[in-house]
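**Q** The lines below spell out each chain.
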Amino acid sequence: MILQKIRTENMYLYYGNKMALNNVSISIPEKQVTALIGPSGCGKSTFLRSLNRMNDLIDSVKIEGNIFVDDINIYDKNIDVVNLRKKVGMVFQKSNPFAKSIFDNVAYGPRINGNNNKSELKEIVEKSLRDAAIWDEVKDRLHDSAMGLSGGQQQRLCIARTLAVDPEIILMDEPASALDPISTSKIEELIFQLKENFTIVIVTHNMQQAARISDNTAFFYLGELIEYNKTKKIYTNPDKKQTEDYISGRFG
Amino acid sequence: MILKRFKRDAKGFFFEGLTLVSALIIITILIVMLVVIIIGGKSMFTWEFLTSFPTEGMTQGGIFPALFGTALMVIIMSIAAVPFGVITAIYLTEYAKENSVIARSIRFAVRTLAVIPSIIFGLFGLGFFIKFVGTGMDSAFMGGQLKWGQPNILWASLTMALLTLPVVIVSVEEALKTIPRELREASLALGATKWQTIRRVVLPGSYSGIMTGTILAVSRGAGEVAPILFTGAAYYLATLPGSLSDQFMSLGYHIYIMTTQSANVDQTLPIQFGTTLVLLLLTFSLNIVAIILRYRIRRRRIA
Ligand SMILES: Nc1ncnc2c1ncn2[C@@H]1O[C@H](COP(=O)(O)OP(=O)(O)O)[C@@H](O)[C@H]1O
Ligand SMILES: [Mg+2]
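Chains A and B, in that order, give the protein sequences.
Each residue of the first sequence is one higher than the one before, counting from 1 in the working numbering.
Each residue of the second sequence is one higher than the one before, counting from 1001 in the working numbering.
Honestly, the hints are just simulated from the structure, not real lab data.
Keep in mind it's a predicted model, so treat the numbers as computed, not measured.
Note that CB positions come from ideal geometry on N, CA and C, so glycine has one too.
Heads up, a few of these hints could be off.
To be verified - With a Cα cut of at most 25 Å, we get these calculated DMTMM-like pairs of lysine to aspartate or glutamate:
no.	chain 1	residue 1	chain 2	residue 2
1	A	Lys94	B	Glu1185
2	A	Lys232	A	Glu196
3	B	Lys1194	A	Glu189
4	B	Lys1194	A	Asp173
5	A	Lys230	A	Glu189
As the list claims (entries may be wrong) - Label pairs and their calculated CB-CB ranges:
no.	chain 1	residue 1	chain 2	residue 2	range
6	B	Glu1094	A	Asp140	34 to 40 Å
7	B	Asn1099	A	Glu137	42 to 48 Å
8	B	Arg1104	A	Arg141	46 to 52 Å
9	B	Arg1199	A	Ile72	43 to 49 Å
10	A	Leu3	B	Arg1199	36 to 42 Å
11	B	Tyr1295	A	Ser185	40 to 46 Å
12	B	Glu1094	A	Ile72	25 to 31 Å
13	B	Glu1094	A	Ile2	40 to 46 Å
14	B	Leu1030	A	Asn117	35 to 41 Å
15	A	Lys118	B	Tyr1295	36 to 42 Å
16	B	Tyr1295	A	Glu244	52 to 58 Å
17	B	Ile1075	A	Glu189	44 to 50 Å
Stated by the list, open to error - Partner residues aside, some chain A positions facing chain B, computed with beta carbon under 10 Å:
no.	residue
18	Ile72
19	Ile74
20	Lys77
21	Val88
22	Thr162
So that you can see chain A by itself, here it is in the shape it has in the complex (with noise of 0.2 Å):
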C-alpha cells in the first residue's frame, strides 16, 4: 500500500480578507512527484508555502482547516516549526545561495543543527552534492564563493543544501523557470532520482514538465483545486472541462 505522506482537510488561507486557498482537500503520496499546475497566481505557491509553514511569516496570512504531514496535525499547537522545516525542505524558484563558499553553503543546515565535526561535515556535503548531480562540477572549488555559479548550477547547490538536512519532503517552487534548457534538463533529471528517496512536490506552470516528471498532478484554479489525479490520467483524459481547457493551452 501507499503510503500518504501529506494530507490536507479542507483548507482555507486568507491574506487578510482575500481568500487564496478555497476549501483544498489532498493526499500526496509517499516517494512520488506530485506536480502542482495552474495559471498564475491561483494559489500554487501559497499551497507549498503552508506546507512548511512558510506563511507564518506573513503577517496577514489566515488558514483554516488541518494539514497532515505523516498524520501529524503541523499547525497544532505544540509543533516545533523549526523541525517541521527540517523534515520538510523547501527549494525556491529563484536559486538563494547564501553568499559563502560552496561547501558552507551545504554545510548551513548540519551545523546550524550544532554539527561541527569536520569530517563528518565533509561526508555530509560530498553526498549532498553527489545527490544533488552537482558535486562533478564543483568537487575542485568547494571553497570558492557559491556566487560564482551558473544559475543551473546555484539552483542545484540549493537543492544539496536542502538534501543536507536530511527531509523526507522536499518542496519545489517552479525551481527551472529561471534557467535554461540544458540546466532545466539536469534538473527534471534529479528530480526523476530523488523521488526515490523523498516524497517531492514541485509547483510548475510548464505543462510539458509536469507531464514528463510527475506521477501526480493537482490542477489549481482560482485558489480551488479542481482536479487531482494520476499525471497520465489527468493528461490523456481529465475529468473536469477546466482542466482540459487549460492542459490543452486555452487559457493561462
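Please arrange chain B with the ligands on chain A, whose structure you already have, making use of the hints.
**A** For chain B with the ligands alone, kept in the frame of chain A given last:
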C-alpha cells in the same frame, strides 16, 4: 503668447541661475576654508607636533595628549554606541512589526535624538552620568568619597555615545534592509531559527553597514566639543588618562582653549591651525571611508 513664453523662460532661467549661484557659494566657502587651514597649518603638520606634549604653558610643543584623548574617547564611545545601536537596529528591522507602537516610538526617539543640540547632551551628561550615576556610585561604593561623581573620560564617552547613537542605528538599519528576503527564507526553510538566521546570514551581510555607522559615529564624535565640555574634557593635563575615572584632553576642546583661553592667542596661532588641520584630516578621511563603504552597500542593493 510669445510674451508669456518669454516670461516663463525667464523665470526658469532665473531659478536655474539661482541654484547654480548657491551651489558655487557653498563650494567657494569650502575651498576658502580648506585653503586657509592648510596654508596656516601645514608647516605645523609634523611628526614632532603629533607626538609631543604641549610646552611653555601650551604656547609651544605638540598636541599628543589631545590626539590620544580624542582617540581613546571615540574608542570607548564606540564600544558603548555600536553594540547598542546594532541591537536596536536589529530589533527595528527584524523583530518589530513595521507599524507597531513600539517601533514607531523608537523611530521617533531616534529622529528626535538626532536633532537635539549637542550642548544639551553635555548638560544631560552632567546631570545624569555625573550627578546621578556617578555620585550614586560614590555613595554606594566609595563611602561618599569623590571618584565617579566628577567629569571623566567614561562619562564624556557615554555622553558622546548618546549623541552618535542615531547615526549608528540608521546606518545599520539601512544595511540590514539590503539583505534580500530570499536569503532569510532560505535559512528559515533549512530549519534555522530566527536568531540563527540573523546571526549567520543577516549580520555577516551587514558588516560593511555596521562599519559605516561606526566610522560616521567616530568622525562625528571626534569633532564635537559641547557634549564633553562639562563631562570630561580637560584644559591641560601633564599625563595621559590612565583609567576611566581620569579626565582627558581632546582636539576640538584644545582648539577652543587655544583660541579663547590661551595666555597669548597670537603666539599660539600656528598651533591652532595645526590642530584644526589634524582634526579636519581625521574627520575627512573617516567620512571618505564611510562614503565608499556606503556606496558599495547601495550598489549591492540595486544589483
Ligand atoms: N504575501 C501576499 N499578500 C497578499 N496576497 C498574496 C500574497 N502572496 C500571494 N498573494 C495572492 O494570493 C494569490 C495566490 O498567489 P500565489 O500562491 O503566489 O499564486 P501562484 O503561485 O499560483 O502564481 C494571488 O492572488 C496573489 O496575489
Ligand atoms: Mg508562484
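**Q** Report the numbers of all earlier hints that the structure fails to satisfy, in ascending order.
**A** 3, 9, 14, 17, 18, 19, 20
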